[in-house]
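Novice: Construct the entire structure; sequences and hints are all you get.
Plus 1039 on top of the position in the first sequence (first one is 1) and you've got the numbering used here.
Treat the hints as calculated values from the structure; they're not laboratory data.
No residue lacks a Cβ here, since even glycine has one placed at the ideal position from N, Cα and C.
Errors might be hidden in some of the hints.
Label-pair distances were calculated between CB atoms; the ranges are [claimed, not checked]:
(1) G1286 - G1059: 43 to 49 angstroms
(2) D1287 - I1066: 44 to 50 angstroms
(3) G1082 - A1253: 37 to 43 angstroms
(4) S1236 - G1085: 54 to 60 angstroms
With a Cα cut of at most 20 angstroms, we get these calculated EDC-like pairs of lysine to aspartate or glutamate [stated by the list, open to error]:
(5) K1237 - D1186
(6) K1237 - D1181
(7) K1237 - E1182
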Amino acid sequence: MPELPEVETTCRGIAPHVSGQRIERVILRDTRLRWPVSPEVAGLAGTRIAGVSRRAKYLLMALGHGKLEQGNLIWHLGMSGSMRVAPTGSPAASHEHVEFELSNDQSLKFRDPRRFGALLYCDGDPLQHRLLQPLGPEPLADEFNADYLYRRCRGRSAAIKTFIMNSHIVVGVGNIYASEALYLAGIRPTRAAGRISKARIARLVEAIRATLTAAIAQGGTTLQDFTQVDGKPGYFRQALQVYANKGDCQACGTAIRHLVQGQRSSYYCPACQI
DNA sequence: CCGGACGCCTGTCGGC
DNA sequence: TGCCGACAGGCGTCCG
1040 MPELPEVETT
1050 CRGIAPHVSG
1060 QRIERVILRD
1070 TRLRWPVSPE
1080 VAGLAGTRIA
1090 GVSRRAKYLL
1100 MALGHGKLEQ
1110 GNLIWHLGMS
1120 GSMRVAPTGS
1130 PAASHEHVEF
1140 ELSNDQSLKF
1150 RDPRRFGALL
1160 YCDGDPLQHR
1170 LLQPLGPEPL
1180 ADEFNADYLY
1190 RRCRGRSAAI
1200 KTFIMNSHIV
1210 VGVGNIYASE
1220 ALYLAGIRPT
1230 RAAGRISKAR
1240 IARLVEAIRA
1250 TLTAAIAQGG
1260 TTLQDFTQVD
1270 GKPGYFRQAL
1280 QVYANKGDCQ
1290 ACGTAIRHLV
1300 QGQRSSYYCP
1310 ACQI
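Specialist: Quick look at the structure:
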């Protein structure tokens, strides 16, 4: 599910409720996520959550404060994960595998029906964790620009859509926003990454930025599972131009086409995207 | 190194 | 109505 905008929405949503709070009790209902929940998590009662941040599609929680560094939590929402904050003692929903009861009488609840998500404890710098270390630049950072992407595209025969979904190239661009950004940039998802002009790569960089920024402003996209921290859906779905669109292109009226690339659905306008 | 496929899970939806 | 296959926002791992 969650691509960068959904993780960013989650990060912003939970931060005011969890930052600075102490974890009073940890409830682990099911530790069988993509990897087993780190055993350290069970012993976190009494630890303070110093802050929340995001890197790629990972949500990071710094534990302890000041000189009392107590490690970090690395969360991933997988395909169907979401978080919410609700009063401690309120009933658990189905698939709410992890719950932290906090010192403000609120609980952070992690729900993940498909269990592709993750909750890992990390002793040192989470950015050096083996899952985070090899990641490419953030799409909204200055390092992600036309010079960078054009250079990385040199000699690559992979389709541009799978290429921009490769987290070693740029992080946070998932299946929905890859299709949307390519539509906005006028580039066919099947085009070889190395066969796109610098000017069009520059357009793609701006399209990725614009798409993600607009989606964040709408609280992300809800297809099925994703909810914001207050339980509301993300509202970017109505802004989608091609993804899951069985109708016609808004710009030219041509029927939107569907194809499968790398076992993932792609959507594009055969007239607007060359 | 690169590109492509697989598998991890549960839920939902369309077709017969 | 019921069953069955296809498909769903990710991504590490393996294979050629």
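Novice: Does each hint hold? Answer for all of them.
Specialist: Here is what the structure says about each hint:
In this structure, G1286 and G1059 meet the distance hint of 43 to 49 angstroms, their C-beta atoms being roughly 47 angstroms apart. In this structure, D1287 and I1066 meet the distance hint of 44 to 50 angstroms, their C-beta atoms being roughly 49 angstroms apart. Taken as a hint, the range 37 to 43 angstroms holds for the pair G1082 and A1253, whose Cβ atoms sit roughly 41 angstroms apart. Between S1236 and G1085 the CB atoms are about 57 angstroms apart, so this pair conforms to the stated range of 54 to 60 angstroms.
With a C-alpha separation of about 8 angstroms, the suggested pair K1237 and D1186 falls inside the 20 angstroms cut-off, and the hint holds. With a C-alpha separation of about 17 angstroms, the suggested pair K1237 and D1181 falls inside the 20 angstroms cut-off, and the hint holds. Using a Cα cut-off of 20 angstroms, the hinted pair K1237 and E1182 holds, with the two alpha carbons roughly 16 angstroms apart.
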